[in-house]
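Enquirer: All chains should be built: construct the whole structure from the sequences, respecting the hints.
Read the sequence shown against the numbering used here and you will find it ends at 725, with the numbers running on by one and no gaps.
These aren't lab readings, by the way, just hints derived from the structure by calculation. There are no misleading hints in this set.
Simulated crosslink set (EDC-like; lysine to aspartate or glutamate; CA at most 16 Å straight-line):
no.: 1; residue 1: 415; residue 2: 435
no.: 2; residue 1: 286; residue 2: 323
no.: 3; residue 1: 454; residue 2: 409
no.: 4; residue 1: 497; residue 2: 509
no.: 5; residue 1: 173; residue 2: 250
no.: 6; residue 1: 286; residue 2: 317
no.: 7; residue 1: 286; residue 2: 303
no.: 8; residue 1: 518; residue 2: 558
no.: 9; residue 1: 304; residue 2: 293
no.: 10; residue 1: 489; residue 2: 522
no.: 11; residue 1: 203; residue 2: 458
no.: 12; residue 1: 173; residue 2: 228
no.: 13; residue 1: 454; residue 2: 399
no.: 14; residue 1: 288; residue 2: 308
no.: 15; residue 1: 246; residue 2: 171
no.: 16; residue 1: 448; residue 2: 399
no.: 17; residue 1: 304; residue 2: 435
no.: 18; residue 1: 448; residue 2: 240
no.: 19; residue 1: 242; residue 2: 167
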Amino acid sequence: MAKDTVAEIKERLNIQDIIAPYVKLKRAGKSLVGLCPFHKEKTGSFHVSNERGSWHCFGCGIGGDGFSFIEKIEGVDFKGALKILAEKAGVQIQYTGNSKQNTEKSDRLRALMSRASEWYAGKLKDSHAEKYAKSRGLTDKTISEWRLGYAPDEWRALLESFTTEGFTVPELLSAGLIKEADGKKGTYYDRFRNRLMFPIRDSAGRVVAFTGRALANDDLAKYLNSPETDLYHKSEILFGMDRAKDTIRVRKFTMLVEGQIDVLHAHQAGFENAVALSGTALSEKHLALMKRYSENLMLVLDADPAGLAATARSAQLALREGLRVKAARLPSGKDPADLINENSKDFAKRITDAKPIIDFFLSELAERDRDSHRLLRSAEAIVLPLIVAMPSPMEREHFIQSTARALSLSGEAVRGSLKRLPKPSDTASSTNTVQMVVPPQARSPRDIRSEQLLAVVHAYPDTPLAERIKTEYSRITEAETPLSDIPSESALFKAEQTFGEDPAENAADELLRAFEEAVIREAYQGAVADLRRAEAKGNAASVHDAHVACAELSRRLAAFGA
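Expert: So this is what it looks like as structure tokens:
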């Protein structure tokens, strides 16, 4: 990739162009201000500077440039952000060698999957697949927005149509749209036949695979998924995440349901933070994708024994990965789609009443098994591994106590049982799951005021205000520290917010006064420490000098009313 591609994109796009489609921005002095898209707020604390090409939120403390904004808002890596912004800027990304070949192949595959989605959708109208979708309670709007389709009940319909359009057999094979007949080399047929088709998209909204729901009762596989391809890795893709991610950010939790129909019904009823797996178990990569948008997970899986087992497995992995997990209880024999269809208010109440996963299973097990001995064994098999999986000692202790109360045991008895359980593996509990948070070193008032002054100088260079601050700074510090570092983005935005478009010299008076007081107070504290050391050593001359210094600095502090 050419090194100047990023620079060319930044030259063509100012940061306002990048952010404005996602955030409504208003002019506020030198900055643009809006509501932060990454946390819920009523007063705008999200600042954008066209001049510096940066953004910063004072509410959640994050910031960066246009690329980091796209990475975060779209849930993509740097390469994904580069592609999105290159397209927006009209910049051709230059690739070389193998990288160029791989990119061309990938682009061709994406075009093929997008065309396949269109083709299946075009076959749906007036088909028995459309009738089936509507019989399941899906509206025309949902069917259209999610681009459901129909794979005709023919062996070679897609194959013949797409080769006529110019796609090759190897391309159709690599996309997982056709298969080679067993024992008949060179004979191919459509993978999906007589099925209601659900396009599977990555988090950027690009079609990467399909799930086909059988429409004939005698079909061996009720659901058939695309195989793994260069575009589709099922352990990394969540169905519906492209449409759910914005709502997940706002509502602050991901709702994981059983399947595609459940996701569609949830979104149709307003639960637009719902996603589902596609033919695989929950993985660490799925959880990493969820954590881009929220660290809270709600499991809304079927209430049958298989669904409860899946809930326990998913919860254990999610807890190990540092997510906070709740579960909603569904009526026996009902999946989310059924319940939403019959009584969406009841479904909404169950979501509101969802419990932390430990409390969920304690309640569920107690209701299912009245025999106290069997209940204890079930709790030991299901609940205790969930407690072990929790990375937080405080959370573990909380749930040890609640488990003990629910089972009429002592906390020590529960701890004893926990000690006999295998601990999570080193990889599961390593720093890539839960990072230790080290509190930042406290900054002195002098450092804080110094950075604020520095920010004003950088925000308003070549102005009388900047020159005055430099002069006063040198006088106050007696030129011990030049005012030459680069301030943080947050300090720069704060300066612009404070001083506005056309700063007057006297606007800095209070800031300079506060800085001078902080410098003198720091010197006074140092002189007091010197005095104590001199007194401890019994050095009369040093004690005298320290007394003089303390008295002088105390006199200067008094001028500030301190």
